[in-house]
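Asks: Input sequences plus hints: build the corresponding full structure.
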Amino acid sequence: MSSSRGLNLTLKIWRQPGPNARGEFRTYEMKNISPDMSFLEMLDVLNEQLIQTSEEPVAFDHDCREGICGMCSLMINGQAHGPDRATTTCQLHMRRFSDGDTIVIEPWRANAFPVIRDLATDRAAFDRIITAGGYVSVNTGNAQDANCLPVGRDRQEKSMAAAACIGCGACVAACKNASAMLFVSAKVSQLALLPQGEPERARRVTRMVAQMDKEGFGGCTNTYECEAACPAEVSVSNIARLNREYLRAVVVSEEGV
Amino acid sequence: MSSATAINSGSSRLQSNAPTGDITTRWDRHKFDLKLVNPANKRKFNIIVVGTGLAGASAAASLAELGYNVKAFCFQDSPRRAHSIAAQGGINAAKNYCNDGDSVWRLFYDTVKGGDFRARESNVYRLASVSTNIIDQCVAQGVPFQRDYGGLLANRSFGGAQVSRTFYARGQTGQQLLLGAYSALMRQVDLGKVKLFARREMLDLIKVDDVARGIVVRNLVTGEFESHTGDAVLLATGGYGNVFYLSTNAKGCNVTASWRCHKRGAFFANPCFTQIHPTCIPVSGDHQSKLTLMSESLRNDGRVWVPKNPNDSRSANEIPDDDRDYFLERRYAAFGNLVPRDVASRAAKKACDEGFGVGETKLAVYLDFRDTIKRDGAAVVKGKYGNLFQMYAKITGEDPYSTPMRIYPAVHYTMGGLWVDYNLQTTIPGLYCLGEANFSDHGANRLGASALMQGLADGYFVIPYTIGHHLATSKLPKISDDHPDVRGAVEAAKARVTKLLGIQGSRSVESFHRALGKIMWEKCGMARNEAGLKYAEQEIAALRHEFWNNVRVMGTGEAFNQNLEHAGRVADFLEFGELLVHDALTREESCGGHFREEHQTEESEAKRNDADFCHAAAWEYTGGHDSFTGEKEQLHKEPLEFENVHLTTRSYRE
Ligand SMILES: Cc1cc2nc3c(=O)[nH]c(=O)nc-3n(C[C@H](O)[C@H](O)[C@H](O)COP(=O)(O)OP(=O)(O)OC[C@H]3O[C@@H](n4cnc5c(N)ncnc54)[C@H](O)[C@@H]3O)c2cc1C
Ligand code: SF4
Ligand code: FES
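Protein chains in written order, with this note's numbering: chain Y, 2 to 258; chain A, 19 to 672.
In case anyone wonders, no lab produced these hints; they're calculated from the structure. One should not assume that every hint holds.
Said to hold, decoys possible - Pairwise CB distance ranges, derived in the manner of DEER restraints:
1) 21/Y / 398/A: 53 to 59 Å
2) 97/Y / 394/A: 50 to 56 Å
3) 336/A / 27/Y: 46 to 52 Å
4) 354/A / 49/Y: 42 to 48 Å
5) 54/Y / 566/A: 21 to 27 Å
All values derive from a computational prediction rather than experimental measurement. All C-beta atoms in this analysis are idealised placements derived from N, C-alpha and C, irrespective of residue type, glycine included.
Replies: Put into structure tokens, the structure is as follows:
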């Protein structure tokens with residue numbers, strides 16, 4: 002429900018004109034922001050104001066604005082996707098903030114996610130990790146009837162819970178080591194839990210982990226900041242499974258890897 | 019755009035190439051008649067796929083598996099973020115796993131009827147018959163569809179059907195299907211058969227000797243213009259719902275790729291067939307940047323109502339059943355809350371127009387789960403719809419477990435699109451169009467859970483067969499990057515960007531987009547009439563004129579510039595919107611999502627005019643490529659024949 006009392010806010014936003022340019026924080030005052038606005042709608046308002054004063058609008062990635070595409074990606078007061086649990090930046094609403102607040106807005110910070118401009122980063126490293134093995138090798142037309150292989154409901158639900166990852170990169174941004182373990186574990190778990198993923202199980206995990214290391218993501222030291230930041234509530238138990246899968250692949254698997 | 023339009027009936031430019039005879043064997047016979055490219059030759063062909071949603075990703079992966087070299091393009095930073103990711107409710111398939119009377123024939127019948135008899139029967143039958151293969155394919159890829167305790171696949175029901183044939187993965191079906199297609203695509207990237215071009219926006223089509231041979235894209239990170247040539251171009255660029263500004267589509271959804279192709283000669287069919295989804299979260303204020311869908315699956319368990327007394331000031335829970343009007347159940351006994359979308363949307367609008375709306379704006383109706391929660395318990399409801407309820411709570415700050423949701427219709431899907439024949443080829447040889455971007459299978463109204471089905475049918479099971487015929491039967495000499503037609507298209511795209519940046523006016527792109535959306539929604543939304551549409555045509559032309567004289571686009575063309583991207587898309591919407599309105603004006607009947615107030619029954623239901631409008635309206639642009647004059651749109655008609663599902667008035671009452 003709309004409220005007549007708007008919020009007055011101070012924004013400190015990271016501005017960086019290009020990948021190799023120097024960046025800095027700039028301060029903007031916002032007046033009378035409706036608590037019903039989403040966080041990104043608040044930035045839309047800012048951008049309209051900037052255009053009127055001939056300053057270039059703030060660049061930030063977004064698309065679906067309903068928490069599923071994984072495009073939005075802001076550090077808000079030092080927290081990936083802001084203060085709400087299980088919530089993407091685009092689903093965060095201004096009613097979460099109070100009149101007079103100062104809000105610091107930065108891009109994801111990780112060597113593997115270089116800044117493109119202002120708050121937008123390059124997350125192609127994630128695509129390259131999936132390319133290394135995040136799939137089942139089945140050509141179109143080869144599939145048997147979908148009900149030939151029953152999958153226990155418990156497994157299916159665990160697999161789905163891992164598959165829910167939206168590929169946003171908040172786990173990396175939240176981690177002091179910029180580790181991508183939660184992201185990688187989500188895909189490895191999804192497929193390791195299903196019979197369809199079985200034949201390539203060892204090859205998948207070894208190749209994905211090798212690519213992850215090559216991209217320059219850090220190691221995991223079990224601080225679980227990733228889980229706390231993850232909008233899709235991907236559980237760190239998947240990281241344990243990833244470790245088991247990896248061990249199994251390098252130690253006991255007979256599958257050629 | 020007025021009286022000047024010439025009308026060609028059964029135009030020779032519109033060869034549907036749909037087979038005739040027994041409908042159940044048409045696709046098989048057609049596949050046999052198509053020429054094949056032999057396996058060793060496939061690697062000699064280069065195919066350009068624009069769009070990596072369900073349609074584009076499935077097509078790119080399947081074509082690469084066959085051996086073709088594929089280049090895949092999207093404007094997001096990753097193919098996995100295409101708007102298909104947002105689909106919630108599910109995907110239809112005639113598996114009849116529920117043993118409740120489903121069949122390919124019934125899915126075909128429901129889709130033709132649901133589309134209000136404005137789709138091509140041959141296409142719809144093919145869609146229904148490959149639907150079952152889609153589920154098999156997705157499961158094999160590791161898509162974790164919902165299952166029953168025995169481990170077999172579960173189904174739910176959706177609007178417009180009386181059987182349960184919808185497969186789903188929580189409320190995230192589109193996400194899981196897209197990630198499946200994306201994984202197949204990335205596997206081909208790994209194998210070197212697909213080259214990926216993310217953060218690229220297609221700005222023009224390259225035609226050589228009247229055949230589609232490539233595209234011009236802008237690299238959105240560096241601002242560079244690139245030309246890519248090949249032997250066929252596939253557009254799978256999604257729908258144009260954002261011409262209304264507010265819609266359930268992602269912010270980047272646009273008509274640019276289709277529209278640029280239209281201006282190069284591809285006919286645009288039925289642009290006025292747009293779908294308004296009945297269950298969306300209502301607008302909360304002027305800052306609103308998009309609307310959020312609450313999946314249609316909610317109508318399985320939620321009951322739609324308004325107070326019987328328009329001045330009832332009690333909160334929803336205090337209003338007893340006797341004082342509630344469950345208007346869908348009352349008006350449509352047989353389908354109740356599960357009537358098709360167009361019917362449900364108009365009923366909600368009618369209730370609000372008559373003053374029965376609820377909430378602060380009075381532009382909402384209740385969707386109430388009280389009875390289901392009482393019957394099945396909150397845990398069961400949470401299991402089925404948990405993420406949707408959570409989304410609702412995040413956006414509105416209200417708890418739908420204890421207070422009914424407030425919902426209102428919003429623009430959601432576009433049935434119109436580039437005209438394609440049975441092979442999915444547009445009127446430009448070598449240019450194909452798949453998924454929501456084409457017009458082919460849903461007629462005047464799409465049934466829930468059928469868009470995902472169509473996108474994947476097109477990509478996995480239709481285009482891999484039909485494209486071979488073009489490649490095997492056409493002369494396709496190699497095109498170099500300095501071919502005059504390539505250079506010309508690149509220069510035209512560059513000039514447009516320079517022009518946009520050079521205007522330096524005083525009004526923002528966003529404000530033009532909002533203004534256009536307001537005209538479209540008010541005059542060409544859920545209900546349309548002649549006076550309103552004529553007014554809208556003039557208003558859009560005036561707004562377009564102002565845009566090209568007074569828009570302020572910030573920054574430069576040589577950098578990441580979202581304001582410039584938006585400007586290009588709005589410029590195209592400002593042309594396309596006029597065609598949409600003109601199509602609505604020309605179609606003097608009501609059918610499916612197109613409701614002309616002049617054409618309704620006494621009970622306010624849509625009244626079709628089969629004598630004069632049983633056709634697809636395909637518009638040809640004959641004006642200059644750089645400017646737009648609505649008068650240069652010529653209408654061609656593809657007559658539609660219904661041999662298998664007989665033309666009747668749709669009724670969801672008994
Ligand atoms: C909120 C929501 C929920 C839905 N739920 C359902 C459902 O439950 N069941 C169902 O069947 N359907 C549903 N739909 C409809 C369905 O999701 C879409 O119709 C379908 O996914 C469209 O797929 P597509 O592949 O045609 O296009 P999209 O997925 O929209 O993909 C378009 C692609 O084209 C690219 N592109 C666009 N323009 C350009 C350009 N100019 N240059 C380069 N690339 C470009 C984009 O980057 C993207 O990759 C829903 C739709 C919405 C909005
Ligand atoms: S695991 Fe969570 S935080 Fe990491 S990319 Fe996936 S959704 Fe984002
Ligand atoms: S914009 Fe899609 S998840 Fe936020």
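Asks: Decide, hint by hint, whether the structure agrees.
Replies: These are the hints, each one checked on the structure:
1. 21/Y / 398/A: 53 to 59 Å: 55 Å, holds
2. 97/Y / 394/A: 50 to 56 Å: 32 Å, violated
3. 336/A / 27/Y: 46 to 52 Å: 50 Å, holds
4. 354/A / 49/Y: 42 to 48 Å: 44 Å, holds
5. 54/Y / 566/A: 21 to 27 Å: For residue 54/Y and residue 566/A the Cβ distance comes to about 23 Å; the hint holds.
Taken one by one, the earlier hints fail for this structure only at number 2.
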